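Asker: Sequence:
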Amino acid sequence: MEIQDRIIPISALNPYQHRWAIKARVTAKGDIRRYNNARGDGKVFSFDLLDSDGEIRATCFNAVLDRFYEIIEVGKVYLISKGSLKPAQKNFNHLKNEWKIFLEATSTIDLCPDEDASIPSQQFSFRPISEIEIAENNSIIDVIGIVTAVNPSVSIMRKNGMETQRRILNLKDQSGRSVELTLWGDFCNREGQNLQEMVDSGIFPVLAVKAGKVNDFSGKSIGTISSTQLFINLDSSEAQSLRIWFDRGGKNTTSQSISRDINPGGPKNEIRKTVSQIKDEGLGDQINQTGLL
DNA sequence: CCCCCCCC
1 MEIQDRIIPI
11 SALNPYQHRW
21 AIKARVTAKG
31 DIRRYNNARG
41 DGKVFSFDLL
51 DSDGEIRATC
61 FNAVLDRFYE
71 IIEVGKVYLI
81 SKGSLKPAQK
91 NFNHLKNEWK
101 IFLEATSTID
111 LCPDEDASIP
121 SQQFSFRPIS
131 EIEIAENNSI
141 IDVIGIVTAV
151 NPSVSIMRKN
161 GMETQRRILN
171 LKDQSGRSVE
181 LTLWGDFCNR
191 EGQNLQEMVD
201 SGIFPVLAVK
211 AGKVNDFSGK
221 SIGTISSTQL
231 FINLDSSEAQ
241 SLRIWFDRGG
251 KNTTSQSISR
261 DINPGGPKNE
271 IRKTVSQIKD
281 EGLGDQINQT
291 GLL
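If you read the first sequence in the UniProt record's numbering, its first letter stands for residue 1, the second for the next number, and so on.
Certain hints may be false.
Within a straight-line C-alpha distance of at most 25 Å, the following computed BS3-like cross-link-like pairs (lysine-lysine) qualify [claimed, not checked]: (1) K96 to K159; (2) K76 to K43; (3) K43 to K86; (4) K29 to K43; (5) K76 to K96; (6) K29 to K86; (7) K86 to K159; (8) K29 to K90; (9) K213 to K29; (10) K76 to K29; (11) K90 to K43; (12) K43 to K82; (13) K29 to K96; (14) K82 to K96; (15) K213 to K96; (16) K96 to K86; (17) K213 to K90.
No lab work stands behind these hints, which were simulated from the structure alone.
Predicted, not measured: the structure shown is a model, and the values here were computed from it.
Based on the sequences and whatever the hints tell you, model everything.
Answerer: Here is the structure:
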């Protein structure tokens, strides 16, 4: 039987299904990770696959990685066959599939050169910002909003002593809430730089965040992780609807932030006084007595 | 068989 005749939907894959093939688009490609553990040295990479009704993550190691890493390109469609299906671990893999594919020496991956319009380029499950307020800490979510403010990139010393870049921006949507999005590492000077230039010149772009991580330090915020993807001015109905909402008045409506202030001590503290003014007016006395100051 | 994802 030809490979083409064995094509099944991704949603039909399971460990008991042998001699399968899938036809799927690569929606994300991870970097090569090197590891060293009790089993020895190794390298691994993963990529995400989407067909017209399902998604799954594929992973390969070492020699198999050497065969496939260069072939895999985001956006392209492939015919993939053979490999073992293992349970997906939800703490590492947010895709809507209870299985993942481990590619093996007998696996095949062949590029389908013809464009297949039946397979979308990405699949999103956007959550309104108001819902992120009640999302579980560390959960992985998709969100779309208008970028209303972008802070500069700053250098952050991580707890492990490694330096990295951080850039915080603000997202607002039609739910009446806004949220902080923290970009890390390369996102800061790639998409982050681009977004800053747009906002600086008065353009407030739509930003779609695929696979952002919910953080619950001082309210709820979202941070990028290695599998996060950012899409500026995405071509989609959700983006279009946000654009229209913002341009027709959403721009001037106030949103309640579900995060701490982007500028601590900024707009919220309208009345600013010097320490001597505070002492003169006895403003701190009551607080001092409660032991809060 | 990897699996870290950061700062206050």
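Asker: Evaluate each hint against the coordinates.
Answerer: Checked hints:
Restraint check for K96 and K159: not satisfied, since their Cα atoms lie roughly 33 Å apart, outside the 25 Å limit. Between K76 and K43, the direct Cα distance comes to roughly 23 Å. Compliance with the 25 Å bound is thereby established for this hinted pair. Restraint check: the Cα-Cα separation between K43 and K86 comes to about 19 Å, which is no more than 25 Å; the hinted pair holds. A threshold of 25 Å between alpha carbons decides the hint, and for K29 with K43 the separation of about 15 Å falls inside it, so the pair holds.
Using a Cα cut-off of 25 Å, the hinted pair K76 and K96 holds, with the two alpha carbons roughly 20 Å apart. Pair hint K29 plus K86 holds up; C-alpha atoms about 19 Å apart against a cutoff of 25 Å. Between K86 and K159 the alpha-carbon distance is near 34 Å, which puts this suggested pair outside the 25 Å criterion. Our distance criterion of 25 Å between C-alpha atoms is met by K29 and K90, whose separation comes to about 18 Å.
In summary, the hint linking K213 to K29 is supported, as the alpha carbons are separated by about 18 Å, within the 25 Å threshold. A hinted pair counts as satisfied when its Cα atoms are at most 25 Å apart, and K76 with K29 qualifies at roughly 11 Å. This hinted pair checks out: K90 and K43 have alpha carbons roughly 21 Å apart, not beyond 25 Å. In summary, the hint linking K43 to K82 is supported, as the alpha carbons are separated by about 21 Å, within the 25 Å threshold.
As the CA atoms of K29 and K96 are separated by approximately 17 Å, the hinted pair is consistent with the 25 Å bound. Between K82 and K96 the alpha-carbon distance is near 21 Å, which keeps this suggested pair within the 25 Å criterion. Our distance criterion of 25 Å between C-alpha atoms is met by K213 and K96, whose separation comes to about 16 Å. A distance of roughly 14 Å separates the Cα atoms of K96 and K86; the hinted pair therefore holds under the 25 Å criterion.
Pair hint K213 plus K90 holds up; C-alpha atoms about 13 Å apart against a cutoff of 25 Å.
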